[in-house]
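Colleague: Each chain, written out:
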Amino acid sequence: MVEQQLPGIQPGYEIPALTKGPVTRVQLAKYAGASGDFNPIHLDDEVAQQSGVGPTVIAHGMLSMAFVAQMLTDWVGPTNLRRLSVRFTAMVRPGDVLTCRGRVDQVRTEDGKARADCEVWIDNQRGERVLTGRALVDLPRN
Amino acid sequence: MAEASALPEEIAALVGRESPPVTVAVDTEQIRRFAEAIGDPNPLYYDEDYARSKGFRSIIAPPTFLTSIGRWPWQRRDETLLRVPYGRVAIHGEQEFEWFVPVQAGDTITMTSRVVDIYEKTGRSGRMLFVVTESRYTNQLGELVAIGRSTGIRR
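Read top to bottom, the protein sequences are chains A and B. Quick note, the first sequence lines up with residues 1 to 142 if you use the numbering used here. Quick note, the second sequence lines up with residues 143 to 297 if you use the numbering used here.
Please keep in mind that the hints were generated in silico from the structure rather than gathered at the bench. Hints may be right or wrong, so weigh each one.
Said to hold, decoys possible - Some chain B residues flagged as far from chain A (calculated, every beta-carbon gap over 12 Å):
no.: 1; residue: 156
no.: 2; residue: 162
no.: 3; residue: 190
no.: 4; residue: 227
no.: 5; residue: 259
no.: 6; residue: 263
no.: 7; residue: 271
no.: 8; residue: 281
Stated by the list, open to error - Ranges between beta-carbon positions, derived for each pair:
no.: 9; chain 1: A; residue 1: 25; chain 2: B; residue 2: 185; range: 26 to 36 Å
no.: 10; chain 1: B; residue 1: 160; chain 2: A; residue 2: 24; range: 37 to 47 Å
no.: 11; chain 1: B; residue 1: 267; chain 2: A; residue 2: 97; range: 25 to 35 Å
As the list claims (entries may be wrong) - Among the chain A residues that face chain B by a calculated CB cut under 10 Å, a handful are:
no.: 12; residue: 33
no.: 13; residue: 50
no.: 14; residue: 61
Just so we're clear, the structure is a prediction, and the values are computed from it rather than from any experiment. Using N, Cα and C, we set each Cβ at its ideal position, and we do this for glycine too.
Pulled out of the complex, with its shape left as it was, chain B reads as follows:
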């Protein structure tokens, strides 16, 4: 009888693995570039005086800016966390964010990520692997900024 559901041990063992924290200093230009790339003209993302007049320390970042934390090679998380030996393409299936405090220019954001689930499914294009990662973001004041949950699909 064909055994279809057992994941290779090296993949299954990734569940629960946590990356070392990544710390990123966020400046005004990073925020403005991100806001411009998504085409969002909200002045809170560009105009420091305006943002301060609304009670922020500086400009704030668009909510999904957090996705840019930890992606660059020099910020890279533990490679063993990210490397899932499965399939030839990885696409983004689902994403959730819960926000508590806005990211503001001048902040230092620390992110810790953990693989919370891995499972396999068979779809139209064959077998696919789903990898669910949870990331927690805190700022230099120790405040919890946001929690992200991301589902990557490999096939």
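In isolation and in its complexed conformation, chain A is listed as follows:
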């Protein structure tokens, strides 16, 4: 059986990049409310300073993960994201502009589906890497 894949998806393929932000304090408040994560290091500068993550609040790591997930679901659709594993490598603060990128490492057939292993990452406006990770997606048949 010949698997059909998104045309042109081969190792080395660059996933369409997604730029998010600037991250605002209002977004962190909304995210706290929507996720139920009210850890004050995301909402209160004073607590952030006392906790040693200061000088300002930091964004929720899961907000960055949501951004990189959006890059993947914009590409293959929400139900084709199988697995995503990320490491938060630097803190994100209000005002940061985050660019999500990714690259296909390997394309293989598994359970009758064409799947792509991808490396993903997010850089901020200063070129610092704030998230690194790996993803597994099903490639939709067209």
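Knowing the structure of chain A, use the given hints to seat chain B on it.
Modeller: The following block gives chain B in isolation, referenced to the frame of chain A:
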């Protein structure tokens, strides 16, 4: 000789501990608020007719929506699972999700969490404790929705 690696017994004893299940009814507004908070305009997260036209029961949730399950005081897991007497700040170090079935509005999601590993490391800012928790999410049909693995860092 300094003994650096032994964890206090009350911390080491958390490994293997499982929380009682938390069950949460997911509605359209929770999903829309989450999607709006992350700034993702995908119509599958907002438009019921569109989502039904794609074969879903209702709108579906963005993949990382699962992180909102079990965070509110009235849903709270066993406090002894979450309370790790270490350091003054807890930050999120790593997260993994494996998804099997999308969360759809109208679903009732049950989450069970288990501490799978705890270890200490010394970094630039001193000693840090890593707590790895695995969460399994199932829906009202008994389907396994997703598995999450989270690494929290305390210092």
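Colleague: Against each hint, give a clear statement of whether it holds in the structure.
Modeller: Evaluation of the provided hints:
1. 156: Non-interface label on residue 156(B) holds, nearest chain A Cβ at 20 Å vs cutoff 12 Å.
2. 162: holds, 18 Å
3. 190: Non-interface label on residue 190(B) holds, nearest chain A Cβ at 15 Å vs cutoff 12 Å.
4. 227: holds, 16 Å
5. 259: holds, 15 Å
6. 263: holds, 14 Å
7. 271: holds, 15 Å
8. 281: Non-interface label on residue 281(B) holds, nearest chain A Cβ at 14 Å vs cutoff 12 Å.
9. 25(A) <-> 185(B): 26 to 36 Å: holds, 28 Å
10. 160(B) <-> 24(A): 37 to 47 Å: Cβ of residue 160(B) to Cβ of residue 24(A): about 38 Å, so the range 37 to 47 Å holds.
11. 267(B) <-> 97(A): 25 to 35 Å: holds, 26 Å
12. 33: Since chain B brings a Cβ to about 7 Å from residue 33(A), closer than 10 Å, the hint holds.
13. 50: Holds - the Cβ of residue 50(A) comes within 10 Å of chain B, reaching about 8 Å at its closest.
14. 61: holds, 4 Å
Going down the numbered hints, you'll see the structure goes against none, and every one checks out.
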